[in-house]
Amino acid sequence: MSISGPKTKTFKRIGQYTALAGYLVFLAFPLVWLISTSFKDPRELVELHPSLIPRHPTLQNYVTAFTEQDLARSALNSLIVASASALLTVLLALPAAYALVRFRTRLSTPILGWVLVSQLFPFVLLVIPLFLILKAVALTDTRFGLIVVYVTWSLPFALWMLQGFVRGIPRELEEAAAVDGASRLQVLRQVVAPLLAPGLVATSLFAFISGWNEFFFALVLLKSPELATLPVTLARFVGVEGIARLGPLAAGSLLATLPSLVFFALLQRRLAEGSLAGAVKG
Amino acid sequence: MIMRTPLGRRSLLALPGLVATASLLSACSADDSPEQSTGPVKLRFLSLAWQKESVEANKAIVAAWNAANPNIQVEYVQGDWNSVHDQMLTAFEGGDAPDILHYESAAIGEFSGQGYLADLSGLLPADLKGQISPKVWDTVTFDGKVAGVPFLLESQVVLANKKLLDAAGITVPAVDAPWSWDDFAENARRLTKPGQYGVAWALKSPTNRVMNLALNFDGVFFAQDGGKTVVRVGDGEKAVPQRIHDMFYVDKSAAPDALGMGGTDPLPGFFAGKYALLPGSIYLRQQMVEQAPAGFEWVTLPALKGTSQNQAANPQTLSVSADSKAQKQAMQFIATFLDATNMAKLAHGDWLVPTGTDAGKELVASTGGKQGWDVAVGSASALIQAPFQKVAAYPEWKSKIATPALQQYFANKISIDQLAKNLEDGGKQVLG
Chain A
1 MSISGPKTKT FKRIGQYTAL AGYLVFLAFP LVWLISTSFK DPRELVELHP SLIPRHPTLQ
61 NYVTAFTEQD LARSALNSLI VASASALLTV LLALPAAYAL VRFRTRLSTP ILGWVLVSQL
121 FPFVLLVIPL FLILKAVALT DTRFGLIVVY VTWSLPFALW MLQGFVRGIP RELEEAAAVD
181 GASRLQVLRQ VVAPLLAPGL VATSLFAFIS GWNEFFFALV LLKSPELATL PVTLARFVGV
241 EGIARLGPLA AGSLLATLPS LVFFALLQRR LAEGSLAGAV KG
Chain B
1 MIMRTPLGRR SLLALPGLVA TASLLSACSA DDSPEQSTGP VKLRFLSLAW QKESVEANKA
61 IVAAWNAANP NIQVEYVQGD WNSVHDQMLT AFEGGDAPDI LHYESAAIGE FSGQGYLADL
121 SGLLPADLKG QISPKVWDTV TFDGKVAGVP FLLESQVVLA NKKLLDAAGI TVPAVDAPWS
181 WDDFAENARR LTKPGQYGVA WALKSPTNRV MNLALNFDGV FFAQDGGKTV VRVGDGEKAV
241 PQRIHDMFYV DKSAAPDALG MGGTDPLPGF FAGKYALLPG SIYLRQQMVE QAPAGFEWVT
301 LPALKGTSQN QAANPQTLSV SADSKAQKQA MQFIATFLDA TNMAKLAHGD WLVPTGTDAG
361 KELVASTGGK QGWDVAVGSA SALIQAPFQK VAAYPEWKSK IATPALQQYF ANKISIDQLA
421 KNLEDGGKQV LG
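In order, the protein sequence lines correspond to chains A and B.
Residue numbering for the first sequence follows our numbering, starting at 1 and increasing by one per position.
Residue numbering for the second sequence follows our numbering, starting at 1 and increasing by one per position.
A couple of the hints might just be wrong.
Stated by the list, open to error - If you only want the chain B side, here are some residues facing chain A, beta carbon under 8 Å, derived:
(1) Trp50
(2) Gln78
(3) Asp80
(4) Asn82
(5) Ser83
(6) His85
(7) Asp86
(8) Glu93
(9) Gly94
(10) Glu290
(11) Gln291
What the hints assert, rightly or not - According to the in silico footprint, chain A covers these stretches of chain B (three or more CB under 8 Å from chain A):
(12) 270–277
(13) 391–399
It is worth saying that the hints were derived from the structure and are not from the lab.
Every residue gets a Cβ at the ideal spot worked out from N, C-alpha and C, and that includes glycine.
Produce the complete structure using the sequences and hints provided.
Given below as structure tokens:
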């Protein structure tokens with residue numbers, strides 16, 4: 001017999017929603033502050049008692065950010081590089097992860113270990129050799145060169161992520177499909193791929209956001225101003241000793257944040273969809 | 001919000017590895033200067049200008065040069081201060097460095113020592129050389145090689161709330177009659193009353209400021225002993241930290257809440273009249289002009305005087321890559337880029353002090369000395385090379401030893417003698 005009556009349940013529910021609302025405010029506060037800062041004039045940014053809602057809202061920071069720096073072109077460069085690297089990373093990681101899990105040999109575990117070890121090197125140690133290699137094949141100062149670097153950088157972790165998802169798919173489902181006459185390719189396309197949807201979404205999100213936010217390789221490898229990505233362009237609003245032009249930087253940073261949010265909003269439903277589909281089929 | 005880049009200008013933990021890699025690779029590269037071009041050339045110029053006015057001035061000068069010199073075209077590339085060190089190290093090792101590089105004297109010594117920068121001593125035009133003080137040239141000369149042309153300086157001054165000075169009956173000192181540290185302490189006491197502090201010392205990163213200001217009392221911290229560099233803390237070195245400490249804990253004229261702040265953090269309190277005096281860099285004048293509320297009156301006070309007004313000079317520089325095939329043409333561009341008129345424009349854009357004497361005169365004339373330009377230009381003559389700037393292990397001593405020790409001292413956790421001991425013992429540990 002339950003000891004909790006309807007009243008207790010209501011209080012519990014109110015408590016849960018209050019806690020959830022508090023957590024959401026905590027998570028959203030940096031973004032809200034960024035939005036607020038982007039609409040404040042320089043004087044309001046140094047008030048002793050700052051307000052969340054700008055007292056004299058202005059679009060000047062956006063005008064400054066877009067007229068002084070070519071943010072639109074930089075955003076396009078970032079979008080091209082991040083999308084291409086996310087796509088290539090997933091395309092390469094998927095078959096590799098599947099093979100590592102389903103076709104186990106004595107080398108499978110050492111290979112996975114080696115992949116993990118490759119993540120332990122600080123990238124600052126790799127940057128000069130990488131630069132020399134890319135220069136030798138004429139890939140410095142090209143978007144493709146940067147995409148190759150990002151794919152190389154994201155692939156090991158993406159492989160680890162995906163092999164966990166592949167391992168979670170019951171082998172019996174594939175065997176049942178094979179018994180029904182499906183070829184290996186059909187099994188992969190019609191059984192494994194749908195069940196892997198959450199893993200593919202998570203991996204592509206990881207690769208996209210890594211490429212979208214990355215700064216140092218983009219700075220070092222791309223010297224032509226017209227190829228600069230968004231993080232490199234935004235850094236131009238930061239000066240010596242951490243002093244920054246806060247207004248234009250906030251306006252530009254907000255622009256930089258939006259695609260990640262939109263990308264996540266579009267794909268986050270797929271994170272759950274795939275696993276539900278798997279449950280029904282299982 | 002301040003965006004932090006993944007790598008700091010001196011990413012200390014990662015840099016030794018990077019330098020080791022670089023050194024290994026440099027062993028394979030040739031030392032000889034590349035064959036110099038005599039035909040039309042295209043130069044790449046990496047500029048670190050970031051303030052709107054300064055970027056505009058840079059671009060305008062480059063555009064004028066390109067229009068007048070079809071055979072020496074300059075491509076302007078904008079870099080950023082926070083990542084330029086690692087970016088340049090990679091570019092030098094990759095053989096892809098810009099022909100002309102904007103940086104600072106404290107950093108180019110390392111590049112010069114590794115053979116990445118051209119020696120400009122044979123390329124410098126006499127008039128440009130004569131415009132800049134020999135004391136400033138010393139800061140860019142390493143093993144007899146001139147690694148860059150110094151053009152913008154930063155000095156430490158005091159900004160003051162004029163209305164609060166007037167209310168306390170304190171007169172603004174003239175450029176040639178600066179306050180002594182005793183005057184400063186006395187006036188800070190007079191400006192302190194309930195709800196108002198005389199001074200806001202922002203000491204989140206205290207070491208560079210203490211090293212700079214200690215020169216006021218001939219405090220140099222680093223000395224040579226039997227061919228070894230050692231840290232010595234005597235009366236001269238103790239004077240500035242002790243005076244600052246006393247303002248917090250004896251006079252109580254320094255705002256305790258400002259102690260943990262960075263350079264521009266006290267501005268809201270300064271604008272609100274909470275602090276009357278704000279010691280800081282000369283470039284803070286820009287924030288006064290752009291961010292001070294309507295009706296706020298401010299003045300720039302000359303640098304404080306101990307036994308002298310000396311401070312350390314760490315000028316911004318223009319260098320030429322050793323790999324450049326057009327070093328002579330690059331120097332021609334630099335000479336034009338830094339003529340008196342242009343140097344004055346660049347200094348004005350960054351709110352810094354020009355190294356050239358004619359540029360300084362031109363700047364004072366064009367501004368009427370207002371907005372602190374008379375003080376700024378006047379401070380140039382007291383900027384000298386400090387011993388700490390030539391100590392290779394200074395960044396390590398600063399981050400591991402000096403900053404924590406000074407923070408403890410300014411938090412009143414240790415005495416001045418303990419501070420001295422910590423700095424000296426830490427020096428033995430780091431300098432070997």
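*Hints the structure violates: just list their numbers, smallest first.*
Checked against the structure, the hints that fail are numbers 6, 13, while the rest are satisfied.
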